[in-house]
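Number of protein chains: 2
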Amino acid sequence: MVKLREPIPVSEAINRVLEHVMPLGEEKVALEEAYGRILSEPIIATHHVPPFNRSAFDGYAIRAQDSTHASPQHPVSFRVIGEIGAGHVGDKPIGENEAYRIMTGALLPDSADAIVMFENTVETSDGFRLMEPLKSGDNVSFKGEDAKEGEVLIEAGTKIHPGTIALLATFGYAEVKVGKKPVAGIVATGTELLNVSDPLEPGKIRNSNGPMIQAQLDRMGIESKSYGMMEDDLDACVRIVERALEETDFLITTGGVSVGDYDYLPAIYERIGATVLFDKVMMRPGSVTTVALLGDKLLFGLSGNPSACFTGFELYARPAIQRMMGSTELFLPHMQATLGEDFTKANPFTRFIRGVWEMTDEGIIARLAGFNKSNAVSSIARGNCFIVLPSGSEGYTKGCQVDILLLGSEQGESVWRL
Amino acid sequence: MVKLREPIPVSEAINRVLEHVMPLGEEKVALEEAYGRILSEPIIATHHVPPFNRSAFDGYAIRAQDSTHASPQHPVSFRVIGEIGAGHVGDKPIGENEAYRIMTGALLPDSADAIVMFENTVETSDGFRLMEPLKSGDNVSFKGEDAKEGEVLIEAGTKIHPGTIALLATFGYAEVKVGKKPVAGIVATGTELLNVSDPLEPGKIRNSNGPMIQAQLDRMGIESKSYGMMEDDLDACVRIVERALEETDFLITTGGVSVGDYDYLPAIYERIGATVLFDKVMMRPGSVTTVALLGDKLLFGLSGNPSACFTGFELYARPAIQRMMGSTELFLPHMQATLGEDFTKANPFTRFIRGVWEMTDEGIIARLAGFNKSNAVSSIARGNCFIVLPSGSEGYTKGCQVDILLLGSEQGESVWRL
Numbered sequence: 001m002v003k004l005r006e007p008i009p010v011s012e013a014i015n016r017v018l019e020h021v022m023p024l025g026e027e028k029v030a031l032e033e034a035y036g037r038i039l040s041e042p043i044i045a046t047h048h049v050p051p052f053n054r055s056a057f058d059g060y061a062i063r064a065q066d067s068t069h070a071s072p073q074h075p076v077s078f079r080v081i082g083e084i085g086a087g088h089v090g091d092k093p094i095g096e097n098e099a100y101r102i103m104t105g106a107l108l109p110d111s112a113d114a115i116v117m118f119e120n121t122v123e124t125s126d127g128f129r130l131m132e133p134l135k136s137g138d139n140v141s142f143k144g145e146d147a148k149e150g151e152v153l154i155e156a157g158t159k160i161h162p163g164t165i166a167l168l169a170t171f172g173y174a175e176v177k178v179g180k181k182p183v184a185g186i187v188a189t190g191t192e193l194l195n196v197s198d199p200l201e202p203g204k205i206r207n208s209n210g211p212m213i214q215a216q217l218d219r220m221g222i223e224s225k226s227y228g229m230m231e232d233d234l235d236a237c238v239r240i241v242e243r244a245l246e247e248t249d250f251l252i253t254t255g256g257v258s259v260g261d262y263d264y265l266p267a268i269y270e271r272i273g274a275t276v277l278f279d280k281v282m283m284r285p286g287s288v289t290t291v292a293l294l295g296d297k298l299l300f301g302l303s304g305n306p307s308a309c310f311t312g313f314e315l316y317a318r319p320a321i322q323r324m325m326g327s328t329e330l331f332l333p334h335m336q337a338t339l340g341e342d343f344t345k346a347n348p349f350t351r352f353i354r355g356v357w358e359m360t361d362e363g364i365i366a367r368l369a370g371f372n373k374s375n376a377v378s379s380i381a382r383g384n385c386f387i388v389l390p391s392g393s394e395g396y397t398k399g400c401q402v403d404i405l406l407l408g409s410e411q412g413e414s415v416w417r418l
Numbered sequence: 001m002v003k004l005r006e007p008i009p010v011s012e013a014i015n016r017v018l019e020h021v022m023p024l025g026e027e028k029v030a031l032e033e034a035y036g037r038i039l040s041e042p043i044i045a046t047h048h049v050p051p052f053n054r055s056a057f058d059g060y061a062i063r064a065q066d067s068t069h070a071s072p073q074h075p076v077s078f079r080v081i082g083e084i085g086a087g088h089v090g091d092k093p094i095g096e097n098e099a100y101r102i103m104t105g106a107l108l109p110d111s112a113d114a115i116v117m118f119e120n121t122v123e124t125s126d127g128f129r130l131m132e133p134l135k136s137g138d139n140v141s142f143k144g145e146d147a148k149e150g151e152v153l154i155e156a157g158t159k160i161h162p163g164t165i166a167l168l169a170t171f172g173y174a175e176v177k178v179g180k181k182p183v184a185g186i187v188a189t190g191t192e193l194l195n196v197s198d199p200l201e202p203g204k205i206r207n208s209n210g211p212m213i214q215a216q217l218d219r220m221g222i223e224s225k226s227y228g229m230m231e232d233d234l235d236a237c238v239r240i241v242e243r244a245l246e247e248t249d250f251l252i253t254t255g256g257v258s259v260g261d262y263d264y265l266p267a268i269y270e271r272i273g274a275t276v277l278f279d280k281v282m283m284r285p286g287s288v289t290t291v292a293l294l295g296d297k298l299l300f301g302l303s304g305n306p307s308a309c310f311t312g313f314e315l316y317a318r319p320a321i322q323r324m325m326g327s328t329e330l331f332l333p334h335m336q337a338t339l340g341e342d343f344t345k346a347n348p349f350t351r352f353i354r355g356v357w358e359m360t361d362e363g364i365i366a367r368l369a370g371f372n373k374s375n376a377v378s379s380i381a382r383g384n385c386f387i388v389l390p391s392g393s394e395g396y397t398k399g400c401q402v403d404i405l406l407l408g409s410e411q412g413e414s415v416w417r418l
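Chains V and P are the protein sequences, given in the same order. So in full-length UniProt numbering, spot 347 of the first sequence is number 347, and the numbers just go up one at a time. So in full-length UniProt numbering, spot 301 of the second sequence is number 301, and the numbers just go up one at a time.
Just so you know, these hints were derived from the structure itself, not from any lab. Please note: incorrect hints may appear among the correct ones.
For identical chains, the list gives no copy identity; a pair is met inside one copy or between any two copies.
Calculated cross-link-like contacts (lysine to aspartate or glutamate; reagent style DMTMM-like; alpha-carbon spacing at most 25 Å) [stated by the list, open to error]:
(1) LYS28 to GLU329
(2) LYS180 to ASP249
(3) LYS28 to GLU223
(4) LYS345 to GLU242
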């Protein structure tokens with residue numbers, strides 16, 4: 001007898017998962033280890049940037065007022081009284097028609113308020129001649145123009161990228177407070193599965209979901225432990241799942257969530273006392289995607305079909321992991337694109353099709369990545385996005401505007417819009 | 001005396017770099033280590049996918065011809081003669097009005113050509129009744145429908161992402177041939193530089209470029225060795241550069257490439273006998289970006305200004321590194337966007353402005369990431385793209401269509417279009 005499952009919308013399924021996820025807390029890491037982590041404190045400017053008025057070019061520091069009457073006909077002569085390299089400090093203020101030779105980034109000497117670039121001067125025996133007037137502030141980078149002391153520059157919950165590292169370095173963060181990363185457990189189920197290095201046998205296929213999920217986790221910087229492939233014995237399965245849950249922060253299984261005779265996951269959830277949050281979602285592929293909860297640990301029961309497995313990970317596991325790490329941008333970034341070919345199949349459920357987007361002279365075009373069935377694997381390898389086709393009785397034609405979700409981007413969005 | 005430098009267009013500068021870059025060769029890595037690497041051999045289907053005709057659902061395998069006359073008024077009865085779980089094989093062919101109970105992914109038994117889903121049957125004592133006819137092939141995944149044996153599925157030179165891993169696993173690649181990765185050397189120059197953990201001093205700033213470049217390399221999966229900050233002594237500098245070049249595949253320096261009195265890089269290139277490929281580019285920030293060549297090793301002389309340094313890395317070092325790794329998609333992906341605010345400064349050189357793109361109801365809008373000078377650091381931390389504003393005597397106004405280059409994306413483009 002097939003138990004009837006109640007399908008829920010994707011947004012509802014995402015909410016049911018996220019309701020049960022909390023950030024794992026924070027830890028300190030060295031700046032060199034911080035790339036890709038999530039800031040768990042805001043970056044606040046601990047000083048002005050620049051910290052002092054500095055020269056924006058190599059040239060001469062002068063008082064602008066001394067140049068007021070300079071012109072090609074009446075050049076003004078300046079006497080150079082010293083030199084200031086970056087990181088050095090002039091020891092005396094400049095007086096009338098005096099100048100310091102000064103390098104990019106160097107602190108302006110007292111009473112100087114403008115920089116003449118070398119190329120706009122003519123050298124003399126003790127200095128230079130200037131043919132045009134300067135205004136106060138010309139070619140000066142002013143203290144605090146980039147950032148003011150106390151300003152919140154980057155919010156907590158933001159992913160650390162190379163630009164963030166530059167800012168952290170500027171303010172002297174040799175260590176950074178970041179969100180702790182979860183450790184994932186992976187179990188592949190399916191009596192048809194061979195190991196990757198096994199020769200093919202009749203009726204069998206190699207386990208591609210396990211390595212794929214590991215790479216999806218890799219891409220997020222998440223460490224995973226593989227618990228191999230599950231046997232055909234319920235007791236043994238329960239022991240593997242219990243052990244994995246003890247040793248990791250959440251568990252991803254592939255396969256075993258459908259209504260087949262060997263789909264053990266529902267029985268496992270029951271045996272270990274896990275609460276099923278949902279076991280049917282209004283999406284294709286992956287409508288049988290199941291998520292359960294035991295204590296504070298999530299069990300993602302992804303489909304055994306490769307495309308469905310991939311999609312289930314990106315839609316449900318990914319935002320949960322982002323939140324565990326403390327991120328506020330949980331979801332895949334979305335864009336609008338023009339559908340590059342017909343997709344005429346109707347569908348009661350929203351489709352997430354493996355697609356390829358590219359910028360063309362006609363704007364962003366999204367095409368199908370190839371063969372599209374839930375058990376397809378070639379199209380996952382070719383795709384760089386999901387094309388989202390909402391449910392409806394009619395298909396979609398070339399030229400439609402559709403939403404796409406970008407894969408493999410450093411970015412995220414804080415709201416699920418689809 | 002300031003030596004006049006001849007500025008060249010960005011595309012020409014990129015070409016001059018790439019002319020001197022060859023892939024470093026290939027190596028084998030375990031599948032689990034292959035994420036993010038570049039395939040150095042195409043993925044060719046070593047067998048059909050699926051490798052056999054298989055059931056797409058949990059249900060019953062029948063001969064479609066036996067169901068031709070089935071209707072609610074005249075249901076057709078089938079006798080179940082056995083069961084085939086995924087990974088198992090039926091031991092006898094089915095005859096007239098016979099069926100196998102069969103699970104998703106299982107090999108179809110001989111003479112079966114259609115699958116009836118459980119939910120469309122009514123159980124009987126020895127089998128089931130069927131109310132509607134099936135066509136040959138219904139609910140069957142056919143051998144080779146996803147990929148045909150011998151088909152080239154993914155070209156060499158492609159980045160390995162999780163979908164690629166799934167495909168490699170499917171075909172039994174426990175090891176994968178990938179491009180070797182280069183090791184980078186990093187040297188920061190500038191007498192104004194403090195270490196990240198140092199307290200601020202008058203006239204000095206902390207070294208933010210070194211950690212930033214390390215993170216830019218991290219983002220590409222590239223290991224780097226830091227040679228610290230260069231001293232103010234030309235001989236010592238030459239020794240550091242020579243040592244770094246011995247120990248790494250290419251060198252990135254920051255600072256010292258301008259025309260200031262302490263800009264040692266030109267002198268260092270001369271002393272070690274490196275050929276300068278260019279030392280002035282028609283771009284802002286980073287017009288002083290310099291690239292030199294010694295033997296087959298590139299020396300990227302990036303500006304000491306953070307924004308200019310960041311931009312120089314992404315425009316010149318990144319494509320060179322991609323090629324060293326064997327990638328055919330060397331360049332940052334581009335999109336078109338609507339400029340979200342005025343940028344009225346004219347400029348003789350193309351500007352690469354740190355920007356933030358986002359999808360809105362009005363399409364993709366790109367705004368400035370904040371304060372934009374070549375020495376700015378806050379805007380690098382906030383940006384997710386470069387807004388490219390070609391040179392011209394007038395500025396750009398809100399609503400213009402502009403090109404943007406995406407940062408932090410797994411994707412690339414094979415042609416530089418700007």
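- Copy assignment of LYS28 with GLU329, given that the CA separation must stay at most 25 Å: Within one copy only: 21 Å inside a chain, 36 Å across chains, cut-off 25 Å.
- First find the shortest C-alpha distance between LYS345 and GLU242 inside one copy, then the shortest across copies, and answer within, between, both or neither for a cut-off of 25 Å. neither (41 Å within a copy, 63 Å between copies)
- Message: Treating 25 Å as the Cα threshold, decide for LYS28 and GLU223: within, between, both or neither.
- Response: This pair counts as both: shortest intra-copy Cα distance 18 Å, inter-copy 22 Å.
- Alpha-carbon proximity between LYS180 and ASP249, which holds within one copy, between copies, both or neither at 25 Å: within (11 Å within a copy, 34 Å between copies)
Figure legend: structure checked against the earlier numbered hints; the only hint not met is number 4.
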